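Next come the chains, spelled out residue by residue.
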Amino acid sequence: AVTALPVFAEELKFANFTPPFHTINKSVIEKLDSELSARTGGELRVRGYHGGELGSGPVEQYVRAVQGVADIVWGLPGYTSSQFRKTMIAELPGAIPPEKPGYEALWAAYDPHLKDEFPATKPLALWTSEPNIFIMRNKVIRTPADLAGLKVRVAGATAAEVAEALGATPVQMPINQVYNALQTGLIDGVITGASTLTDFKLDEVADAITTGAPLGRIAFYTVMNLAKYESLPAEHRAAIDAVAGIPLSKSAEDAWYAAADAALDAARADARNTVVDLTPEEAAPFAEAVRGVVEAYVKSVGGEAALAAMRGE
Amino acid sequence: MYRAIRRAADGLIELCAGLGALGLMVEVAVVIVDVVGRAFGHPLYGSQDIITMTMVFVVFGAMALCDRRGGHIAVDLLEPRLPAALNRAIDVLSALLGAAIFVTLAWAVYESAKLSVMLNLSTNLLNLPKAWFQWALCALALVTALAMLLRAFEAAVRPSAAREPGR
Amino acid sequence: MNEGGIGLSGLLILLVLLALRVPVAFAMFLVGFFGIAILNGLPSAMSLLASEAFTLGTSPELVVIPLFILMGNVASASGMSRRLYDAAYAAIGHVRGGLASATVIGCGGFAALSGSSVASALTMGKVALAEMQRFNYDPRLSTGVVAAGGTLGILIPPSTGFVIYAILTEQSIGRLFIAGILPGLLLLALFVTAISLICWWRPEMGPAGERRPLGAKLRALAGAVPILGVILVSIGGIYAGLFSPVEAAAVGAGLVIALGALSGNLTLAQLWSASKDSVATTATVMLILIGAHMISPFLALAHVSTIVGSFIEGLGLGVTGTLVMILALYLVLGCFLEGFAMLVLTLPIFFPIVTALGIDPIWFGVLVVLTLEMGLISPPVGINVFIVKSVAPDVPLGQIFRGVLPFWAMMLVALAILIAFPQISLVLPNSMFD
Ligand code: NA
Ligand code: NA
Numbered sequence: 001a002v003t004a005l006p007v008f009a010e011e012l013k014f015a016n017f018t019p020p021f022h023t024i025n026k027s028v029i030e031k032l033d034s035e036l037s038a039r040t041g042g043e044l045r046v047r048g049y050h051g052g053e054l055g056s057g058p059v060e061q062y063v064r065a066v067q068g069v070a071d072i073v074w075g076l077p078g079y080t081s082s083q084f085r086k087t088m089i090a091e092l093p094g095a096i097p098p099e100k101p102g103y104e105a106l107w108a109a110y111d112p113h114l115k116d117e118f119p120a121t122k123p124l125a126l127w128t129s130e131p132n133i134f135i136m137r138n139k140v141i142r143t144p145a146d147l148a149g150l151k152v153r154v155a156g157a158t159a160a161e162v163a164e165a166l167g168a169t170p171v172q173m174p175i176n177q178v179y180n181a182l183q184t185g186l187i188d189g190v191i192t193g194a195s196t197l198t199d200f201k202l203d204e205v206a207d208a209i210t211t212g213a214p215l216g217r218i219a220f221y222t223v224m225n226l227a228k229y230e231s232l233p234a235e236h237r238a239a240i241d242a243v244a245g246i247p248l249s250k251s252a253e254d255a256w257y258a259a260a261d262a263a264l265d266a267a268r269a270d271a272r273n274t275v276v277d278l279t280p281e282e283a284a285p286f287a288e289a290v291r292g293v294v295e296a297y298v299k300s301v302g303g304e305a306a307l308a309a310m311r312g313e
Numbered sequence: 001m002y003r004a005i006r007r008a009a010d011g012l013i014e015l016c017a018g019l020g021a022l023g024l025m026v027e028v029a030v031v032i033v034d035v036v037g038r039a040f041g042h043p044l045y046g047s048q049d050i051i052t053m054t055m056v057f058v059v060f061g062a063m064a065l066c067d068r069r070g071g072h073i074a075v076d077l078l079e080p081r082l083p084a085a086l087n088r089a090i091d092v093l094s095a096l097l098g099a100a101i102f103v104t105l106a107w108a109v110y111e112s113a114k115l116s117v118m119l120n121l122s123t124n125l126l127n128l129p130k131a132w133f134q135w136a137l138c139a140l141a142l143v144t145a146l147a148m149l150l151r152a153f154e155a156a157v158r159p160s161a162a163r164e165p166g167r
Numbered sequence: 001m002n003e004g005g006i007g008l009s010g011l012l013i014l015l016v017l018l019a020l021r022v023p024v025a026f027a028m029f030l031v032g033f034f035g036i037a038i039l040n041g042l043p044s045a046m047s048l049l050a051s052e053a054f055t056l057g058t059s060p061e062l063v064v065i066p067l068f069i070l071m072g073n074v075a076s077a078s079g080m081s082r083r084l085y086d087a088a089y090a091a092i093g094h095v096r097g098g099l100a101s102a103t104v105i106g107c108g109g110f111a112a113l114s115g116s117s118v119a120s121a122l123t124m125g126k127v128a129l130a131e132m133q134r135f136n137y138d139p140r141l142s143t144g145v146v147a148a149g150g151t152l153g154i155l156i157p158p159s160t161g162f163v164i165y166a167i168l169t170e171q172s173i174g175r176l177f178i179a180g181i182l183p184g185l186l187l188l189a190l191f192v193t194a195i196s197l198i199c200w201w202r203p204e205m206g207p208a209g210e211r212r213p214l215g216a217k218l219r220a221l222a223g224a225v226p227i228l229g230v231i232l233v234s235i236g237g238i239y240a241g242l243f244s245p246v247e248a249a250a251v252g253a254g255l256v257i258a259l260g261a262l263s264g265n266l267t268l269a270q271l272w273s274a275s276k277d278s279v280a281t282t283a284t285v286m287l288i289l290i291g292a293h294m295i296s297p298f299l300a301l302a303h304v305s306t307i308v309g310s311f312i313e314g315l316g317l318g319v320t321g322t323l324v325m326i327l328a329l330y331l332v333l334g335c336f337l338e339g340f341a342m343l344v345l346t347l348p349i350f351f352p353i354v355t356a357l358g359i360d361p362i363w364f365g366v367l368v369v370l371t372l373e374m375g376l377i378s379p380p381v382g383i384n385v386f387i388v389k390s391v392a393p394d395v396p397l398g399q400i401f402r403g404v405l406p407f408w409a410m411m412l413v414a415l416a417i418l419i420a421f422p423q424i425s426l427v428l429p430n431s432m433f434d
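Quick note, the sequences are listed as chains W, X and C, same order. The first sequence begins at 1 in my numbering and counts up one residue at a time. The second sequence begins at 1 in my numbering and counts up one residue at a time. The third sequence begins at 1 in my numbering and counts up one residue at a time.
Mixed in with the good hints, there may be bad ones.
Quick list of in silico lysine-lysine cross-link-like pairs, BS3-like style, CA-CA up to 25 Å [to be verified]:
| id | chain 1 | residue 1 | chain 2 | residue 2 |
| --- | --- | --- | --- | --- |
| 1 | X | Lys114 | W | Lys26 |
| 2 | X | Lys114 | W | Lys228 |
| 3 | W | Lys115 | W | Lys139 |
| 4 | W | Lys228 | W | Lys31 |
| 5 | W | Lys115 | W | Lys299 |
| 6 | W | Lys228 | W | Lys115 |
Read the hints as simulated data drawn from the structure, not as lab findings. Since this is a predicted model, take the numbers as computed values, not measurements.
Generate the whole structure from the sequences, applying the supplied hints.
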């Protein structure tokens, strides 16, 4: 059979710092590839470079896009929070109402409040994880008092303040050390998304999970090198415009929620685990404890308008 | 003239290595304070930031001293079988290559530092600007490149002086 | 030339440069940099150079390297390692090669604890090489022992190699940890056997001393109590959850410094010079690691693992054939790449091939991790051997490689046994889980 190879074929390099089976692959990388390919008759493709093949670690992801090591990258604003001061508001406890999708909130605030934080790139997707939970070992959390003196791994300065406001001792460490740290008792738990239960195997060492406390969520971006985007022919840019933005962000966020739900379901099914789902009344003291941290942060970055936009006010 | 340059270079090399050695002492102290503090519920705020950024000095501070001591490892299996002139040429060219690599590294890191300023990048807890440490890396890389240039010159002109006595 | 061809030529050029005595790190930088520049443009090569150097140079995990080197240097300067080896010699010095066997166990324990065979080779190298020389052990035997001993640690929990493998392949970390125990003990037994055979055949490699009376043994042991205490606190602290393995390095170094200062065996000048020596060794090691990290994006851009993966798949070999092909490839790549970078580069391609053949992923994990460590000590370009060279500058590289060879051969034997008897890897995890 004669395969009609497109005359002009461009392959965009997508740098992924996680393994190829990570949620990002199907929901963003493969989706981008298949949809751009379909809209351009196979002329524009996307190829994932997984597990940090194009450079180690998540911290330099944005820089990789700007300097053109990759055409597209995904990453967490939390790793370089000083760049994303207003975007990080989305991660604060209670900033986005629980029922509102994170991507809607982020895109509502993007223009004009967050745009300056994404220089030299074109954001293709902005989304958040499911709300953070407590993942603990040997300690069941029902009230803020249960956290007193416990060592809890957090990522970033604001998360550390949240943990401190709840009476815990915040500990900073790379996520891939968390498994051993939980096992030896170096830390009592982690505040993070449920998907880490499977992504980093924390389900093997954690035995107590508490959901429903306002602990914020984690924000994510996928951005494309702006010069690369502008160098493409008009019909390719149009294809990217059609695929990127809300649809791609929704695809990512839905996939994140699905992964988290699956991980939580598995944890509930395991008889060794204690899973506590706080009622709104039980969650209220947690919200009360962290309110000051949230207000102080928003004020310190001049983010009142961005927060209002995220909330749709 | 040459002796004065050599003395000045050795002083600079020692100074940079001293920064690294000092950084290593700082690492030990910071980790211990953090560990002890954490046991009593008060870990050192921003210890990760200090530990990682001090690493720049620990890792790159002694690059020049390492070169001066002939510490960059090469596969010496063929050395006895090659003619002396070729071995000398390899010494000179390797030193020049090292200098070129460290100049390129300094330049690349300098370009990245510009980006760090543009993106307002800093450490997560203490907000130490990333560019500071990239500039430090640049300076240490340039000293290393200078040391390697001097070694290339010595290997070409005065082979006996190219390595620190006793190593 | 296509991408795969560029990748292959790059590796060949690397070999030529190494043979011409271009420093290892420089050769890796050169090939990696120009390889990336050809495949992805000069700006990309510049950016990767800057980001890999800065990321590795500020890595919270790699801080163990300078800290453990410092601990080893201070222990040597203050005479603690001397007393440790006096005690070991009093206990088993009358056995031929006894000190080497003790060292191999010590290296294994150290690597098991620190999670890094590099850190083990560096620290134990600083301590053990001079001491074994003092008792007239041949440097070929002592460097071989130190280079190989660290490889034991990756099989014994906690092992960073297994954590990375588990995360990359969605396997259970706990199962892998347990699976590594018996193979680790098997390898240890083989190493001790190798030492005994070497010293039986050539007694001058590890000469036997005279048997000491009990009183002398106890006196020697008493002298080693401080350093044994440091080791005990460092290990105990990790398992008691007081600090992480990374922090244990700083605690250990701090304790050694404090003990040296309190006993009057460590002056400020000695400490300063030990610290300076430590950063100089750190520079050597880190430059090689950064160089190795320039090679891995180059090979990724050249799609080397995809090409090799489809080649192996196309051969249509059976289970054992495919397994042997893949492991042989790991052996070759392991010479050029840093271990974890290699897992990241290859597992996404090979793991699906392996699981499609019905090969047990836990068993495969044990084999891969063992092979990866073998690659790190394989002639002519094993990275761990260069690292031992950095702490033994006076021993020619050729001698170190000759010293490593018997242990390398034993690892090959262990690999063959583990391939022939999957139960050795699987019996513990299968009985402890489910
Ligand atoms: Na281990
Ligand atoms: Na290793």
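Consistency of the hints with the structure:
1. For the hint pairing X/Lys114 with W/Lys26, the CA-to-CA distance comes to about 35 Å; that exceeds 25 Å, so the pair is violated.
2. Distance restraint check for X/Lys114 and W/Lys228: the Cα-Cα separation of roughly 20 Å lies within the 25 Å cut-off, and the hinted pair is therefore satisfied.
3. Of the supplied pair hints, the one linking W/Lys115 and W/Lys139 is violated, its CA atoms being roughly 42 Å apart against a limit of 25 Å.
4. Pair hint W/Lys228 plus W/Lys31 holds up; C-alpha atoms about 20 Å apart against a cutoff of 25 Å.
5. Straight-line distance between C-alpha atoms of W/Lys115 and W/Lys299 comes to about 19 Å, which keeps the hinted pair within the 25 Å bound.
6. Between W/Lys228 and W/Lys115 the CA atoms are separated by roughly 18 Å; this keeps the pair inside 25 Å, and the hint holds.
Comparing the model with each earlier hint shows violations of hints 1 and 3; every other hint is respected.
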